[in-house]
Amino acid sequence: MTVWTPTDDGHADLTSHDTFATGAPHNTFKRLRDEDPVSWTDWDQGEGFWSITRHQDITEMNRNFAVFSSARGIRMEDQSYEEYLARRTFQEIDPPEHMLTRIKVAKAFSKPVVAGFEQDLRDLSNQILDVALSETEFDATKVIARQLPMLMLGRILGTPEKDLPWLVEKGDALIANTDPDFTDHVLDKMTTDEFRMMPFNSPAGAELFQYAKELMAHKNATGDTDGVLHLILQPDKEDNVISEEEFRNFFCLLVAAGNDTTRYSIAAGIQAMAHQPELLTQMQQGGDDLWELAPDEIIRWATPALYFRRTLTQDFEAHGRQMKEGDKALFWWSSANRDDAVFDDPFRVDLMRSPNKHMSFGQSGPHVCLGMWLARLEVRVLFQELCKRLKKIEPNGEHKFLRSNFVGGIKELPVRVQLQ
Amino acid sequence: MKATWKLADGSEITADIANGTNMMQAAVDNNVPGVIGECGGCLSCATCHVYVDAPWVGKTGTADDFEDAMLDVAEAERTDASRLSCQIEASDALDGLVLIVPQP
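Residue numbers (the numbering used here), protein chains in the order written: chain E, 18 to 437; chain Z, 3 to 106.
It is worth saying that the hints were derived from the structure and are not from the lab.
Don't take every hint at face value.
[As the list claims (entries may be wrong)] In silico contact screen, one side only, chain Z against chain E (beta carbon under 10 Å); selected entries:
#: 1; residue: Ala10
#: 2; residue: Asp31
#: 3; residue: Asn33
#: 4; residue: Cys44
#: 5; residue: Leu45
#: 6; residue: Thr49
#: 7; residue: Val59
#: 8; residue: Gly63
#: 9; residue: Phe68
#: 10; residue: Met72
#: 11; residue: Asp74
#: 12; residue: Ala78
#: 13; residue: Thr81
#: 14; residue: Asp82
Ideal Cβ placement from N, Cα and C applies to all residues, glycine included.
Only chain E is shown next, with the shape it has when bound in the complex (with noise of 0.2 Å):
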């Protein structure tokens, strides 16, 4: 059994959120890659864009940084030159730059750093498990995945405890910035321009700069070196500080995609447990090599980062289509990730697939997700605790996307178990 399957004609407006709230359009990413692998599509609120779909053309072309440039932004809304420079990250600056950031942050994110984390993670999963199957039905969304990750983040932040509901809340209305369900500001259907210089267009991002200003200066203050923060404080070797900004909208990145992406993921891998009974049994008698691999799998079913864009710095030719210089081209994690000339049976849930190339971390490219391995201990934890208590776990009603075509995600997931 499939764990869902796409519904879309096969021709999805691409540049709507809607086409995304009953989940991605796969049938149409299917299309694509057979028959127009470097798509065209003109869109009313803003440039058109190209659309790459194919897992082989997005790896070749996400290491070619120097022609798909991060360095307009990442999202497929324009942005003029001034908007980029105020809420740019070391997301949206390409290397050799991008390294300077990278380089200050990556040893905080690292394997062996993160691998420290993992008793802390088993903790606060049972934590949150002991709460959650107190009741037999439940919106997984709400009660599991979107705790975990949530209450890491503030260990990993050094954030106090007590501004983490606040913190995850801004960081959803950041992020989900099209939802109706997760803020007052759906961004296409605003009216004001209030917001242009904020991280993510969201006045969430106006308050979470605020928060950080006063964060730094807190830490600065007292010599605070809980969490990372303090780490990208520091000097480099050429003495160089963080400006108060770049500090700033790193901040924000982290809130956000620290939070939500390992939240679909937890979301979407017991979304398969639900519908694939065999996974709860698998991962009961799971040793080592299967817990090595399940949470790629995992993360590739969620794939929560649906697409990022680049923008062409200088002609270039693919599949026939010539790009122009200054084309955005959006690479659609979300197709690849189910692209069948990788994939087996790229529907189908397998918790030992190997090797597993998936792309929801922007692999194969300067950008690779720098939480990575977070994530992987993430789910790989969450779901070793998980799977011990559960006898049997079923959908309990239809589970709900995102309207949103950038962050893939199950909002609400209700399910029903049984406990051992």
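Use these hints to put chain Z onto chain E, whose structure you have.
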């Protein structure tokens, strides 16, 4: 050129590599376990860390500042022979190169 990877389990993989190919890509193309290359050779991940076998250390060049910083991020312990293999390019001068894949 020919290159050999010595694996943690004692086995070896030897392959012909086209000049100009970076040694991370060469390892991935030849299914060398333990050399992953998540970032595609862009110096962003340190998952292609290898130890250059002693006789080859001087011939493979030295790490630049960014590579040097990213070597601190690698999973296995760093030594004087440590390199990110995406930064080593195959050439006739390296024919016979031996790289040791760290124990995970």
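Here is what the structure says about each hint:
no.: 1; hint: Ala10; verdict: violated, 15 Å
no.: 2; hint: Asp31; verdict: violated, 12 Å
no.: 3; hint: Asn33; verdict: holds, 8 Å
no.: 4; hint: Cys44; verdict: holds, 4 Å
no.: 5; hint: Leu45; verdict: holds, 6 Å
no.: 6; hint: Thr49; verdict: holds, 9 Å
no.: 7; hint: Val59; verdict: violated, 23 Å
no.: 8; hint: Gly63; verdict: violated, 18 Å
no.: 9; hint: Phe68; verdict: holds, 5 Å
no.: 10; hint: Met72; verdict: holds, 6 Å
no.: 11; hint: Asp74; verdict: holds, 6 Å
no.: 12; hint: Ala78; verdict: holds, 9 Å
no.: 13; hint: Thr81; verdict: violated, 15 Å
no.: 14; hint: Asp82; verdict: violated, 19 Å
Of the hints listed earlier, those the structure fails to meet are numbers 1, 2, 7, 8, 13 and 14, in rising order.
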